[in-house]
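S.K.: Mind docking chains S and W on chain L? Use the hints.
The lines below spell out each chain.
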Amino acid sequence: MATSDTKKQPTANSLKSGRWVASSCKMCLHSCGNLIHVTDDGVINKIEGNPTNPSNNGKLCPKGNSAIMRHYDPARFKQPMRRTNPEKGCGIDPKWEPISWEEAFDISAREIKKSLDEDPRKILPSLEDFQKFNIWAWPLAFGNFNFYQSGGTMCGGAYHPMNGFIHSAFGCANDAKYCNYWINNGTGDGFSSHLHAAAQSNWVAKARTERNMRVVSIEPRLSIGSAKAEEWVPIRPATDRHFAMGMSHVMIEEGLCDYKFLKRDTNAPYLVGEDGLFIRDENRQCYIWDAKNNCAKLWNDESIGKIALEGSYELNGKPCKPAFQKYKDILAECTPEAMSEITTVPAETIRRIAREFAKAAQVGATMKLEDGRTVPFRPVGYNYYRGAQGHKHGAQTNQAFKLVNMLMGNIDAPGGHMGVVLDTKEVDINHCAPGESGMLAPTPHQLGPTPPFAYPPNTYHLMDYFPLGVNPPHFNLLVHEDPAKFGMEFTPDVIVNCHSNPVWAIQGPREKWFDFLRSMRFIVCVDLIPTEMTDWADIILPSNDVLESWNCTMIEPPHTEGQSFRQPAVPPLHDTKSEEEIFYELSERMGILEAYNDVINKTLGFEGHPELMLELDKKYTDKEIARRKGLLWNGKDIDWYMERGHSVTEKRLDKWYRPWEGMRLHFYIEDFLIERDKLKKNMEEANVPFRHEWEWDDYQPLPTPVLDPVHEEPPEYDLYAITFKDIQLNFGESLSNPWIKDIVYRDPVHTGLLLNPKTAAAQGLEKGSIVLVESPYGHVYGRIGISEGMHPETLGISNSLSRMKSKDSGVLPAGGHFNDMLPHDLRNTDAASGQPETVCKVKLTRLDDWPAFLKEGRTVYDQIADYEQAKGKGGQH
Amino acid sequence: MSIENKVFSGDTLRVGYRFQRHWDNSMAYAFFCAELGAGLYFVSLLLNSIVGMALGLLLVSTGKPYFHLAHMGVPTKSWRAMLRPDRSWISRGVWLLAGLIGAGFLYLAASLFGDSLGLEANSAVLWLLKIAAAACALGVMTYQGFAMSHSSAIAIWNSAIMPMASLLYSLAVGLAVARALVPPAQASGLTDTLLLLLLGLAVMHLMFLHSGWHGGPGARTSVELLLQSVYAKWFWGLVVAVGIVLPGLALSAVPASALAGAVSAVAVLAGFMAWRILIFKIGVFEPIMRMNPFHTAG
Amino acid sequence: MAKMGMVFDLKACIGCNACVIACKQENSLPDGVFFTKTLSEEYGVFPLANRVYIPTICNHCEDAPCEKVCPSGATYTRADGIVMVDDDKCIGCSSCAVACPYDQRTQMDAENFLKGLFGTGEITPFEEQGYGRYTPGTVTKCDFCSQRVDVGLDPACVVTCPTNARIFGDLDDPHSAPSKMIRERHGRPPMPEKNTKPKVFYVN
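So the protein lines, in turn, are chains L, S and W. Heads up: the first sequence begins at 348 in my numbering, then just goes up one per residue. Heads up: the second sequence begins at 1173 in my numbering, then just goes up one per residue. Heads up: the third sequence begins at 2 in my numbering, then just goes up one per residue.
In case anyone wonders, no lab produced these hints; they're calculated from the structure. Some hints here could point you the wrong way.
[What the hints assert, rightly or not] 25 angstroms max Cα-Cα, derived DMTMM-like pairs, lysine to aspartate or glutamate:
#, chain 1, residue 1, chain 2, residue 2
1, S, Lys-1249, W, Glu-43
2, L, Lys-772, L, Glu-990
3, L, Lys-1072, W, Glu-43
4, L, Lys-653, L, Asp-676
[Claimed, not checked] Facing chain W, from chain S, some residues (calculated, C-beta under 7 angstroms):
#, residue
5, Met-1244
6, Gly-1245
7, Ala-1253
8, Arg-1256
9, Arg-1259
10, Ala-1325
11, Ile-1326
From the three backbone atoms N, C-alpha and C, an ideal C-beta is built for every residue, glycine too.
The shape of chain L in the complex, shown without the other chains (with noise of 0.2 angstroms):
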């Protein structure tokens, strides 16, 4: 093959004779600065991370570094097709048959428009693409709310809005740059998974090796951040809520918090009525304690003498106390000891850990920042994702999480725990407004305008009803199983499929989902391979890639602001066509083109821009779309980002350290009350008849010790399950490249279900023991895999074995899905958040053999054993 003539040449990738693209990824749904190496011969051989980018400063994960085997993968959609077979199923042929352009969007046209003219609510979207509001946000071109994809209630269902009441932000992290205690409580933050994975791990590991930062990992596994923490606190799982109200406990007690800062920069002085409001005078300004004058006065009286936080009193003859005190109430039964009885964790762990936390936060000390601002500094932060806060009680979960990090008066300052604004357009639209008497304005809508009330509901997962809420999508399967009880006046018929993939990624057991899907008239899917999903469409429309593509966009990213640019490197490499050409396609064919164009602009902040509007008639490129964001950004041209690929700086000091200065946050969040009180007073109005079933306990203005329904499943559920991902499986479609699937399947965590050694004893089992895994709303099957790191109540099903068969796709089933055993109902669902149950109890058999359907093809246990045993790779001969 080498001749001497090609060994002149430079054989290592990036050294060939081509062109460097200066671009950014989307192998996840963030957007790390890369460089794209196009060979003379205009083939992609290599991508870098782009160095002048300070987010991921040239870094790039697993998954960044694997976009080209993306791009190349032989099973891309080709050119637009139509189903031929009317069987539809996961892994079921199709048989594809390949059309022009002109006949798929002819028939996607009218199959939606026919859906359209009938009731738009009749269409279901399912729009992942995070990397396009644009996209993201085309139903509301015909006022429908439906939504049918993952993004939401399983990544931060609760976790978003919270973050939209506390920091006005969507996303939150620890500042890495200053942080010397840092916990994680169920996330992957700056090790494995959430923003930004390669940036975020790059400036932990510096926070890591050069300052000695001390992290503590807070989860029931073993992860990559556990690995690498100073300390791993197992714990049962759904008991994170606990283990942080035990720390507020002793933070409390023993006097430890940021007493200046709850008394200055959130209403947890605030009087609150029995009621649980606040008490407002007559202009509804909220009143504090003066315990000088021993008499309440309104928040921003300049004659307070002291701020009370502690005490009860009466005001108006009506009894009250400091928001503060309420919480100091609710705590008092959390005593690390109780707290211990719940999660597992050693009272002492407990109390150690909030001493050692609030020691390292400096309470008291200052940080002079170069914009000549002197704030407080406090090097510690206490993050969670979706482990932690994935649980019923979503919402109170979660603001468990931020009260710890309140109680330091960490939030927004320098080495604490940050809000992270989702497109950082935001910032320079002040994300942060003042509300109501002195406090910041609340934005738990992060992902733009929710359905109002409406009885019959409008959208088929029921948003109606959940006004602080992220949509639910479990909710289709709940209310396709019974329409009538929820006053259904529409079904679904027809599903417009973006970048998603439903049929994997929500909650609720296959065989019912799959059901749902074959009660579709029409699904048309924009994809660019196939997926479990794509195999129920009647026509494909395949879009461009990444690497074919324009697109500026920033997705949450900590530490950084500005905007990744996306450029093609290459043109397309078959016939398909940009996000923007076929959605742009439809509205027209589909009569909504100006609603759309109305839509976008406001979506991306065009509105206001007179120089940057999109004309309604008009249809736009997405090379145009992505000119106008670089435009509205910072007035650069195209070219500018063509050369450069970004606009990425750090983050202003202004718009990153406490960016809501002079406004109170919510320690106490009375939003929940109201709200709860209008949706009740509008079910009971609208006589919804399910309004009894309806969760009301859920909504609360403070965190309680309320346990979530999984722990009261039947008793023969002896394990809690949960499932996990790590850094070269973060967010959607990984598998089906193969330099993903060459790391993950060779990697222990990733080959078994896992259970602690003594449990599997216990259990009767062993290392490759066959097992059915039921919990009360489903099963799987799988192989046991031995793990000390696994707390011993608690099976780890790693996602990469919830895959199941999909046509064309390298992608191997394991034994069904994780998702099948969580349930999908009312009762475990957070009716504040929309936040369902993300863990689940079950009780595991032993199987002499596979079941039949497992025995049928390849499976990821046939992929795993040839690693194991690979015969002339260093395994058994």
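M.R.: Chains S and W in isolation, oriented as in the chain L frame:
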């Protein structure tokens, strides 16, 4: 710790032992042919057995290169293997093989046709050829052992027992086969020597097991594989029982029987072949974990 | 004279294997071939269990056993200490493979090139432009991205490592980043008992 508790990581990303697999069965057959051929030639040379010498040379010049080339990744360039005799035992082996084939063939030819060429029976040329052939044969009989023992990678190979085993086996299989080829009278005179060699093999195996068992983790693991894994039955059955005990008993019981001689020869060969294959199979690379000086378990 | 080497910071490494994929990208490695790997192993007993991530790579030993046993002269050491394989000279005897205590040698299997990365027999343009550098049957390994080093770049795995767990440079230069790290954080070579004098060190 026994073999069940050890991690064999295969082609995974787990720290563990990895099997030596770069030298495969084809290489084992090549080693077998070389050592049997050279041993047979050497013994036949001493016994003046033309048939033995011819057979030995045949094996060395056909079986060995055939199986070795079958193992080579780039057989067409295999001639390059001769380029580094200064440091590589494989290179030295190529020269030794060439020497054995060259000198051995010439000596054989001289022995057969020397008279017609006018060579005297005890001429200096013949002696030189004989010494050269014998020396090369001894080299071929041992160099593969040196090639294995030379590097520290596969701990069980990294021992002086490897060349010793090569030499002992070469002599034993050479003698066993040669003994079956020579006239009965001559053969019976060789019985004691062969029994002695079998005893030597037994002692060698004991030393091998003992030093491996008490050696480092890699060597210990290899011995455990030999004694506790699927390889145990092949080791005890073929290498020990068939390869040493059976011929030992047969030769002791009926030393004069030609049948016993033939059976013994086949048995010793079978044992040797099993040994050659097993020694490759049980070779392991040690887990990198050992190098992590920072890790304190538990 | 330079002596190029690498330090692995075990405290920083998160076992993400981005390095592995960067290497596959840069070197057009066929399926199942690795020039570097990050391994992991659990140790300890719950709740004191932990897992270490250990990057591995060719150690470019000063006393390279693979070079000593190479009968064809294909394996050689460059002036800057990088141990190279000239695949024009390699005969694929695998002597180096059994001589390397770190099991860092891989014989290139012709079938692997034909199978392709997707295992379907379809060879992508990426593979097409890259496979030409290899001769099936030869035994290969990491060369510290020697061509990148020649033009002043770090190896691909180093450049991409999100946690800066791979530090590359001249060990002869006492002021180089790896030299300082080895000195200050007591770097240790892998398996020193194998007497190969690795130019790769581990710090914690």
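S.K.: For each hint, tell me whether it holds in the structure or not.
M.R.: We went through each hint and held it up to the structure:
1. S/Lys-1249 - W/Glu-43: Status violated; Cα separation ~44 angstroms.
2. L/Lys-772 - L/Glu-990: holds, 21 angstroms
3. L/Lys-1072 - W/Glu-43: The given pair, whose Cα atoms are some 18 angstroms apart, holds under the 25 angstroms limit.
4. L/Lys-653 - L/Asp-676: This hinted pair holds, its Cα atoms lying about 21 angstroms apart.
5. Met-1244: holds, 5 angstroms
6. Gly-1245: Holds. Min distance 2 angstroms.
7. Ala-1253: holds, 4 angstroms
8. Arg-1256: Holds, because the Cβ-Cβ distance from S/Arg-1256 to chain W comes to roughly 5 angstroms (cut-off 7 angstroms).
9. Arg-1259: Because about 5 angstroms separates S/Arg-1259 from the closest Cβ in chain W, which is inside the 7 angstroms limit, the hint holds.
10. Ala-1325: holds, 4 angstroms
11. Ile-1326: With a minimum Cβ separation of about 6 angstroms from chain W (threshold 7 angstroms), the hint on S/Ile-1326 holds.
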